[in-house]
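*Asks:* This is what each chain is made of:
There are 2 protein chains.
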Amino acid sequence: MLDFQKMNDLVPAIAQDAETGEVLMMAFMNPEAWRRTLDTGIAHYWSRSRNQIWKKGETSGNVQQVQEIRVDCDGDCVLLRVRQVGGAACHTGYRSCFYRRVEAGALIVDGEKLFDPAEKYGASP
Amino acid sequence: MLDFQKMNDLVPAIAQDAETGEVLMMAFMNPEAWRRTLDTGIAHYWSRSRNQIWKKGETSGNVQQVQEIRVDCDGDCVLLRVRQVGGAACHTGYRSCFYRRVEAGALIVDGEKLFDPAEKYGASP
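First to last, the protein sequences are chains A and B. Going by numbering that gives the first Met the number 0, the final residue of the first sequence carries number 124, and the count climbs one at a time with no gaps. Going by numbering that gives the first Met the number 0, the final residue of the second sequence carries number 124, and the count climbs one at a time with no gaps.
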């Protein structure tokens with residue numbers, strides 16, 4: 000169903016808030032993350048920095064309950080429509096990882112911050 | 000502003016309909032595609048299959064007029080909020096490349112088809 004061959008066993012996966020349509024984050028899935036997402040209905044990704052399966056929200060509690068899974072024309076990208084528990088998808092505390100917009104060559108923060116990562120994780124990420 | 004180092008000079012770029020919030024497609028940008036997108040306000044990507052800059056819509060006329068550019072927390076993913084000229088982002092004629100949803104292990108087509116690729120491109124893609 001998915002073409003994992005194009006990118007060393009990874010496909011990009013986009014998480015979108017199923018209710019508001021806001022794009023929350025982008026991460027990668029390997030075949031195991033894809034299988035666990037299908038099996039559990041909870042978003043799993045592959046962490047390239049930690050080199051391991053990453054159940055989103057395992058530490059913060061902000062898991063993503065998958066409402067719908069969509070696949071693109073080439074079968075090499077996944078769109079998860081999710082219910083984001085806790086509201087914030089980003090480890091920085093913002094609702095969306097895309098909390099900055101480009102304006103006149105600069106990044107302007109205009110996203111909504113829902114928690115303080117220092118309080119949530121016990122230290123700055 | 001963007002971290003192109005993580006993935007061989009590429010960053011994933013998501014195109015989202017600025018009006019409806021529908022996720023239209025995902026593609027990659029290299030530094031040159033990023034610069035052209037900023038300079039022209041029209042989405043440019045890097046085609047991995049053709050190994051060249053790809054001005055989306057150059058053949059079909061279905062260009063993407065960029066309304067807003069957002070960057071994620073790590074600076075390694077871009078979200079373009081666009082006006083999709085012609086309505087259809089996908090070369091298959093569907094409004095979105097994500098025209099299929101996963102249901103019981105199968106892909107169900109439920110997207111809206113706006114044109115016939117054979118008519119538009121003169122041959123099946």
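Some hints here could point you the wrong way.
If several chains are the same, the list does not tell them apart, and a pair holds so long as it fits within one copy or across any two.
[As the list claims (entries may be wrong)] Listed below are the simulated DSSO-like cross-link pairs for lysine-lysine, each with C-alpha atoms no more than 30 Å apart in a straight line: (1) K54 / K5; (2) K54 / K112; (3) K119 / K54.
Read the hints as simulated data drawn from the structure, not as lab findings.
*Asks:* Taking the hints in turn, state whether each one holds.
*Replies:* Hints and how they fare:
| no. | hint | verdict |
| --- | --- | --- |
| 1 | K54 / K5 | both (23 Å within a copy, 21 Å between copies) |
| 2 | K54 / K112 | within (22 Å within a copy, 35 Å between copies) |
| 3 | K119 / K54 | within (17 Å within a copy, 43 Å between copies) |
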